[in-house]
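Student: Quick note, the sequence shown lines up with residues 1 to 161 if you use my numbering.
Careful: at least some of the hints might be erroneous.
[Said to hold, decoys possible] Dumping the calculated DMTMM-like pairs for lysine to aspartate or glutamate here, alpha-carbon to alpha-carbon at most 25 Å:
#: 1; residue 1: K43; residue 2: E79
#: 2; residue 1: K43; residue 2: D146
#: 3; residue 1: K29; residue 2: D96
#: 4; residue 1: K29; residue 2: E77
#: 5; residue 1: K13; residue 2: E77
#: 6; residue 1: K29; residue 2: D130
#: 7; residue 1: K13; residue 2: E79
#: 8; residue 1: K13; residue 2: E81
#: 9; residue 1: K29; residue 2: E70
#: 10; residue 1: K43; residue 2: D98
#: 11; residue 1: K43; residue 2: E120
#: 12; residue 1: K29; residue 2: D103
#: 13; residue 1: K29; residue 2: E79
#: 14; residue 1: K43; residue 2: E81
#: 15; residue 1: K29; residue 2: E81
#: 16; residue 1: K13; residue 2: D96
#: 17; residue 1: K29; residue 2: D98
#: 18; residue 1: K13; residue 2: D98
#: 19; residue 1: K43; residue 2: D153
#: 20; residue 1: K43; residue 2: D96
#: 21; residue 1: K43; residue 2: D130
[To be verified] DEER-style ranges, computed between Cβ atoms:
#: 22; residue 1: P11; residue 2: D49; range: 17 to 27 Å
#: 23; residue 1: G145; residue 2: D103; range: 13 to 23 Å
#: 24; residue 1: A156; residue 2: A19; range: 18 to 28 Å
#: 25; residue 1: A156; residue 2: G15; range: 17 to 27 Å
#: 26; residue 1: P16; residue 2: I105; range: 32 to 42 Å
Please keep in mind that the hints were generated in silico from the structure rather than gathered at the bench.
Predicted model only: the values in this text are computed from it and were never measured.
Ideal Cβ positions, reconstructed from N, Cα and C, are used throughout, including at glycine.
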Amino acid sequence: MIVIALGANLPSKCGPPAATLAAALGRLKALGLHIVSVSPFYKTPAWPDPAGPPFVNAVAIIQTRLQPAELLGLLHEVETEFGRMRSAPNAPRTLDLDLIDHDGIVCSGQINLPHPRLAERSFVLVPLADIAPGWCHPVTREGVGDLLARLPDRNAPVRLP
1 MIVIALGANL PSKCGPPAAT LAAALGRLKA LGLHIVSVSP FYKTPAWPDP
51 AGPPFVNAVA IIQTRLQPAE LLGLLHEVET EFGRMRSAPN APRTLDLDLI
101 DHDGIVCSGQ INLPHPRLAE RSFVLVPLAD IAPGWCHPVT REGVGDLLAR
151 LPDRNAPVRL P
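With the hints as constraints, model all of the structure from the sequences given.
Tutor: So, in structure tokens, the structure goes:
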């Protein structure tokens, strides 16, 4: 299973963050990725500074023959197309596409899989639990529900209508 997390908290050329996520999914499909499933969209406080504009987050399950580094490169290209500027870590952004898991591959170095902070992020785990409740962390083998239960802010994401 290949898992991608999507997020945005600034408007893009496509409109507000929710419209940006929808357009980004369309762009990924147009580039040849098969979108298997998409979670509902969630509104989450900005992190690490909750005073920033709130994020809209989602998770998608995809299929592709691209290897992890190729896929990550494609995700970064799409972020750039949507106006992403990498000015500072955790800065507000028009689009954030994170590769969370690539068929259980575990690696570190130029690319880190699974995503090293996924177990700390309710804005990834809550939508992931919606569409892949049986998913397990490739290293710890913990289920998404178990990971989510340990988070103090697991209720922070609010499902958008």
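Student: Look at each hint and say if it fits the structure.
Tutor: Hint check:
no. : hint                     : verdict
1   : K43 to E79               : holds (19 Å)
2   : K43 to D146              : holds (22 Å)
3   : K29 to D96               : holds (16 Å)
4   : K29 to E77               : holds (14 Å)
5   : K13 to E77               : holds (15 Å)
6   : K29 to D130              : holds (21 Å)
7   : K13 to E79               : holds (12 Å)
8   : K13 to E81               : holds (9 Å)
9   : K29 to E70               : holds (16 Å)
10  : K43 to D98               : holds (17 Å)
11  : K43 to E120              : holds (17 Å)
12  : K29 to D103              : holds (19 Å)
13  : K29 to E79               : holds (14 Å)
14  : K43 to E81               : holds (23 Å)
15  : K29 to E81               : holds (15 Å)
16  : K13 to D96               : holds (15 Å)
17  : K29 to D98               : holds (16 Å)
18  : K13 to D98               : holds (20 Å)
19  : K43 to D153              : holds (13 Å)
20  : K43 to D96               : holds (14 Å)
21  : K43 to D130              : holds (15 Å)
22  : P11 to D49: 17 to 27 Å   : holds (19 Å)
23  : G145 to D103: 13 to 23 Å : holds (21 Å)
24  : A156 to A19: 18 to 28 Å  : holds (22 Å)
25  : A156 to G15: 17 to 27 Å  : holds (24 Å)
26  : P16 to I105: 32 to 42 Å  : holds (34 Å)
Of the numbered hints listed earlier, not one is contradicted by the structure.
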